[in-house]
Structure formats: structure tokens, C-alpha cells
Amino acid sequence: MIKAKAKNEMKLVIPSNSSNESFARSAVAAFMAQLDPTIEEMTDVKTAISEAVTNCIVHAYRDTIGNIWIEAKIYDDGRIWISVKDKGCGIPDIARAREPLFTTGGSERAGLGFAVMESFTDKLRVRSAVGKGTTVTMEKRIAQRYRHDG
Amino acid sequence: MSVVFEKKDDALVALLSGEIDHHTATEFRESIDCEFEMLRPALLVLDFGGIGFMDSSGIGLIMGRYRKAAECGCRIRVVNAPPMIERMMKLAGLGRLDVF
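Protein chains in written order, with my numbering: chain H, 473 to 622; chain S, 3 to 102.
It is possible that some hints are incorrect.
Said to hold, decoys possible - Partial list, derived from the structure: chain H residues whose beta carbon lies under 10 Å from chain S:
#, residue
1, THR519
2, ILE521
3, ARG581
Hints are computed from structural coordinates only; laboratory data are not their basis. The model shown is predicted, which means the values in this text are computed figures rather than measured ones. Glycine included, each C-beta is placed from N, C-alpha and C at the ideal position.
Kindly produce the complete structure, drawing on both the sequences and the hints.
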């Protein structure tokens, strides 16, 4: 299988301060604007990024501040691939963490983070090791719009 | 973010504006709870007309206010949610709570 080459990519490292949530999703949204997404497609990706970054802040680095690595790549066929990585506490049971409404974040958390990421993107993959960290990768295809000339 | 409050008869209307994420949800929550505690209305209306972005922290915000209101015998209504935010609310199954 030939691996497609990204036509553009970005990398961002931010500390897990909650004030960076808005910056993280806006940065990825600005990058993906090259794919000419609809408002809805852009909102989907922004929401998925917001959930992934919030998980790093609320769960991975619960009582500490650590780095969050965000990487995004876009491809000629209109796909955007995004990775959000932390080196926090890790997830002991990924299947349980992905269940809707499951949360260890307290009564003000909805437990919908992974359900939203899954629903708002086309592919979601979660890799985690306790004590080492978690990497979430997501992919979404942005519909190509045809140009009418003349 | 900002919350503007209007008192209409026995209802407290909270007009929310800005973006709701984990960071801003804390500020929204504190602002709403403070006004709610002071007025103890029979109906709390959360107006999402001015919200441009919301992740699942907004669902936590609604569910938290729903529980708090229910403890005091207060009803809660969610109104004017833009379509993209309504989609998040549907995904969370908020329809089952009778808040619309």
C-alpha cells in the first residue's frame, strides 16, 4: 500500500492550560480552511479538537500542567488527519472511556468527549498506556466542491 | 463570554453569548448559579441564541443546572439553540429531559 503524501502539515505544542482550548481549535480551523470546508465541517472539526484537548486538560494532566502535541495534515483528496497527544496519566480502560456518559471528571462533565469525536469525524483511534500518555487520531473527509467557471 | 439576565414574572432568563468550552463553562456556571441562588425562580430559561460554539462542556453546563434546578422544584428550558448546537444536544439525548 502506498501511503499518501500530505500536501501540507502543521504542528503545535501548547501547555494544558484551559485558556488554550479556544486557541487550539482556532489554529486547526485556520489550517483546515485550505480545504474550503463548509461552516458545518469546520465546526465538526473544531468541536472534535476541543473535546480531545479538554480530555488532556481534565483527565491526562488532572492536577498538573503538561504539554499537548497537536498535529494536522491535509491531503489532495480532501482529507484532514489530526493527532492530539499527551504524556499524562493514560487511560486504563479505553473501551469504557469511550462509552457515552462515562466520566471521571465530576458532575459538571457530560462524559461525551469520545462520543462527540466519533460522531463529528469519520475515523477515531485512541492509543493509550497508563503512566505514559494518550494519542487520539482523527480523520475527516471534506467534501470537494466543484468550481463553476464563466 | 457574557450572560445577561432578565427577570420575567416567575422566570429567570439567562441570555448566553460567546463560546462554551471547558474553560468558559466555569464562568457561565458561576454566573448563572449566583443569579439563580439570589432569585430562586420557578423557571430558569437558558437562551443559547448568542452562542457561536459549544462542545460537550455545554451539555455538562445544562445537565448541572437541570439537577440544581430540580432540587429546588424549578423547571428549566433551553431555547434558541443554533442548529449546530442543537445537534450536540440531540447527540447527548437532552430531549429526554423535557427541557425544550
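The hints, checked one at a time:
Proximity of H/THR519 to chain S holds as hinted, the smallest CB-CB distance being about 5 Å (cut-off 10 Å). Checking H/ILE521 against chain S: minimum C-beta separation of about 9 Å stays under 10 Å; hint holds. Checking H/ARG581 against chain S: minimum C-beta separation of about 5 Å stays under 10 Å; hint holds.
When held up to the earlier numbered hints, the structure conflicts with none and fits them all.
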